[in-house]
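Trainee: Can you make the complete structure from the sequences, with help from the hints?
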Amino acid sequence: MVAAIRRKASFSHDEFVGDTIHVCLSEHDTDSHTQAPKPKRRRITRAPSAKAKSTVPVSTTYPPLDPNTGAPIPDPLLDDVYRRLILSELKEELTIADSHPAPKNGSYKIPTHGQRTQRLLQSLLQNASHPKTNSSPNADSNNHDGPVEALYLNQSQATALIESPYYDPNVLLIVQDKRYFEPAPAVSLPFTSPPASPELETKTIADRSEYRPISLFFDHLLPTLHRQVSVQIPSQPVTEPSGQLRTLRSIRERFHSTQDPKDDPWNVLDLSTPIPSTTPSFLQGPGSQLLRYIRSEALMAGSSGAISPPPSPVKIEESTSGLMTPPTSSRALSLSPLPELNSTPELPRTPSPSPSSESQPSTPPSKKRGRPPTSSPKSKSPSPKKQKTSPEKRAERLRASPQSWREWTNVQSWSLLSQGGHHTPPHCDAFGFDTWITVQEGMVGFGWLSTASATSSSCSSAGEREGEGGGEGMEERKKWAADPHNYTDGSRWRFVILKPKQTVFFPSGTVHFVFRLKSQDSLSVGGHVLRWDGVERWLTVVLEQMENGDMINEDMEWPTVKRYVDVVGKLVARREKEGGQKVTGEKWEGLVKEFKELAKRNKCR
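Going by full-length UniProt numbering, the sequence shown opens with residue 1, and the numbers climb by one from there.
No lab work stands behind these hints, which were simulated from the structure alone. Some hints here could point you the wrong way.
To be verified - Heads up, simulated EDC-like pairs for lysine to aspartate or glutamate below, C-alpha to C-alpha not over 16 angstroms straight-line:
id, residue 1, residue 2
1, Lys-596, Asp-550
2, Lys-593, Glu-536
3, Lys-518, Glu-93
4, Lys-596, Glu-547
5, Lys-600, Asp-533
6, Lys-478, Glu-547
7, Lys-109, Glu-240
8, Lys-562, Glu-589
9, Lys-262, Glu-536
10, Lys-600, Asp-566
Unchecked claim - Derived Cβ-Cβ restraints for the label pairs, each shown as a range:
id, residue 1, residue 2, range
11, Leu-87, Ala-599, 41 to 51 angstroms
12, Asp-264, Leu-87, 19 to 29 angstroms
13, Pro-276, Ser-164, 27 to 37 angstroms
14, Tyr-108, Ala-160, 50 to 60 angstroms
15, Asp-489, Glu-240, 25 to 35 angstroms
16, Lys-478, Trp-558, 32 to 42 angstroms
17, Lys-178, Gln-228, 24 to 34 angstroms
18, Ala-599, Lys-577, 19 to 29 angstroms
19, Lys-570, Pro-165, 19 to 29 angstroms
20, Ser-250, Leu-87, 25 to 35 angstroms
21, Val-592, Ser-257, 51 to 61 angstroms
Please read all numbers here as calculations on a predicted model, not as lab measurements. Heads up, the beta-carbon is just placed ideally off N, CA and C, and yes, glycines get one too.
Mentor: What follows is the structure in structure tokens.
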């Protein structure tokens with residue numbers, strides 16, 4: 001039955017553009033799930049029973065939503081079909097790669113970044129299983145009795161949980177959101193309701209279904225198609241960086257083309273989000289704004305001359321991990337540190353105009369900006385009017401360079417554009433950020449190493465400090481951290497298939513990987529946040545990442561990380577002083593002390 005499901009399942013562009021996704025099963029497969037139709041009987045009118053009234057209505061939308069709460073519902077059957085299709089594609093690709101003859105000179109055949117990732121993903125997906133969720137236990141899951149590893153919530157439920165002190169950061173959140181790239185509704189002026197017409201309504205729905213979010217995304221980028229961004233190309237050998245510079249115009253042509261083969265799918269990571277705000281509403285509360293305050297402190301200091309943008313969220317990854325390393329990689333390797341916050345910077349003063357009327361412009365009248373050349377040497381330009389500016393009317397603002405604003409904006413929100421068939425091996429996001437991703441087009445396979453335990457824990461690093469026990473999940477995470485590019489064993493690997501309009505939120509230090517079917521290009525928007533209640537966990541993860549740089553997707557420089565720790569420490573102290581409530585304790589102080597000692601030892605090397 002499983003083989004038939006894998007053979008008949010269909011995922012294509014024509015099916016995932018709208019809100020309905022069709023999975024075609026053969027008649028043999030449907031017989032195993034449904035009974036044969038019974039012969040017709042004479043209809044008898046009966047009074048509705050109490051049992052019939054209590055029946056929960058079935059959701060007719062896809063992804064399926066809870067009819068009572070509007071929260072997404074897990075779909076383990078479709079998820080498993082997707083996983084088996086991925087395994088089938090990986091097996092086919094690796095068979096072709098192994099059939100290629102070795103070089104005639106007897107040298108070693110150098111694998112590509114894509115082949116290395118494919119072998120790793122093949123082993124991972126063979127061991128991965130569905131997570132334990134807050135819904136009814138899955139019939140095919142082997143971890144019913146374990147702790148909850150993923151919560152399917154609506155926006156209100158997620159907001160209440162994130163803003164409360166009871167959120168377990170070892171549990172992922174999957175929340176129903178919205179699609180930001182939608183065609184504008186067709187309206188006529190004046191705004192009157194036209195007479196109902198089934199044919200017109202059908203035509204309107206058909207026209208809207210022709211629009212793809214990826215096409216609308218490129219429409220937003222039309223003024224900037226000449227710009228170059230970093231593209232991850234899996235056909236690059238592992239001895240060279242996988243990242244190459246390509247223009248947005250060439251990327252658009254590749255995604256719109258129907259003739260490009262899928263054997264070398266591109267993954268575009270260095271993209272800003274053209275939509276003003278895509279942050280999910282459950283992450284807009286006061287408890288998730290620590291990163292925004294860090295940005296404000298950096299830009300305030302930058303206005304006084306010490307401009308120091310933070311690192312870009314571009315997934316710059318080492319060549320040994322099969323991930324992207326842009327050829328210039330200036331953002332990752334030459335990051336300027338965040339400024340000191342010992343004092344509030346003074347506002348730059350606007351100089352008052354000189355009272356002297358004899359001051360003359362340095363350029364002749366014929367060269368003045370905005371004036372045409374004079375036709376007569378005797379013509380004189382009118383003297384400029386004196387500006388009358390009083391201190392009371394002088395408006396002064398903090399100023400920062402456009403580059404600083406751009407870098408900070410890309411940290412908090414970005415876009416992920418990938419061709420079908422591109423995969424990302426397991427890694428952690430650098431700098432200890434919490435991450436959210438909202439799928440806009442296509443389905444995206446998301447896997448992670450579960451660290452959930454029966455008792456809630458606020459730390460998810462490989463090495464538990466102060467003698468705290470980490471449980472089975474932490475022990476397995478230690479094994480992965482010791483060999484992040486090859487470890488695929490263990491029973492804690494989980495996966496879900498994210499559908500359009502679904503958001504996944506995973507906290508700092510989550511080991512995760514991504515996989516995609518060849519038949520589906522995907523577009524997602526995402527970003528980073530930091531939570532005030534997670535500062536201890538954040539610093540623990542940062543310590544772990546500085547000790548083991550192979551587990552992250554971006555280079556981290558000690559000066560930059562040290563400034564981050566200093567800024568967060570000052571912000572936390574201010575918040576505790578103004579709020580009158582102690583948020584951190586001895587654990588935070590111990591982590592700061594450990595970080596300073598580690599930074600001092602690293603400086604002496």
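Trainee: Compare the structure with each hint and give your call.
Mentor: Hints, one by one, checked against the model:
A C-alpha spacing of about 21 angstroms is found between Lys-596 and Asp-550, which places the hinted pair above 16 angstroms, so the restraint is violated. Between Lys-593 and Glu-536 the alpha-carbon distance is near 13 angstroms, which keeps this suggested pair within the 16 angstroms criterion. Restraint check for Lys-518 and Glu-93: the C-alpha separation of about 11 angstroms stays at or below 16 angstroms, so the hint holds. For the given pair, Lys-596 sits about 13 angstroms from Glu-547 by alpha-carbon distance, which is consistent with the 16 angstroms threshold.
Between Lys-600 and Asp-533 the alpha-carbon distance is near 27 angstroms, which puts this suggested pair outside the 16 angstroms criterion. Of the supplied pair hints, the one linking Lys-478 and Glu-547 holds, its CA atoms being roughly 13 angstroms apart against a limit of 16 angstroms. Annotation: proposed proximity of Lys-109 to Glu-240 holds, straight-line Cα distance about 14 angstroms (limit 16 angstroms). The suggested pairing of Lys-562 with Glu-589 holds, with an alpha-carbon distance near 15 angstroms, which does not exceed 16 angstroms.
Taking the CA atoms of Lys-262 and Glu-536, the gap is about 44 angstroms. The hint is violated against a cut of 16 angstroms. As the CA atoms of Lys-600 and Asp-566 are separated by approximately 14 angstroms, the hinted pair is consistent with the 16 angstroms bound. Leu-87 and Ala-599 have their C-beta atoms about 44 angstroms apart, which keeps the hinted 41 to 51 angstroms range intact. Taken as a hint, the range 19 to 29 angstroms holds for the pair Asp-264 and Leu-87, whose Cβ atoms sit roughly 20 angstroms apart.
A C-beta distance of roughly 29 angstroms is found between Pro-276 and Ser-164, which places it inside the suggested range of 27 to 37 angstroms. Against the hinted window of 50 to 60 angstroms, the Cβ-Cβ separation of Tyr-108 and Ala-160 comes to about 56 angstroms, which satisfies the hint. In this structure the supplied range 25 to 35 angstroms holds for Asp-489 paired with Glu-240, their Cβ-Cβ distance being about 30 angstroms. Taken as a hint, the range 32 to 42 angstroms is violated for the pair Lys-478 and Trp-558, whose Cβ atoms sit roughly 24 angstroms apart.
The given range of 24 to 34 angstroms is respected by Lys-178 and Gln-228, whose C-beta atoms sit roughly 31 angstroms from each other. Our hint of 19 to 29 angstroms for Ala-599 and Lys-577 holds, since their Cβ atoms are close to 26 angstroms apart. Restraint check, Lys-570 to Pro-165: a C-beta distance of roughly 23 angstroms satisfies the suggested window 19 to 29 angstroms. At about 32 angstroms, the CB distance of Ser-250 to Leu-87 agrees with the hint of 25 to 35 angstroms.
Between Val-592 and Ser-257, the C-beta spacing of about 53 angstroms keeps the proposed range 51 to 61 angstroms intact.
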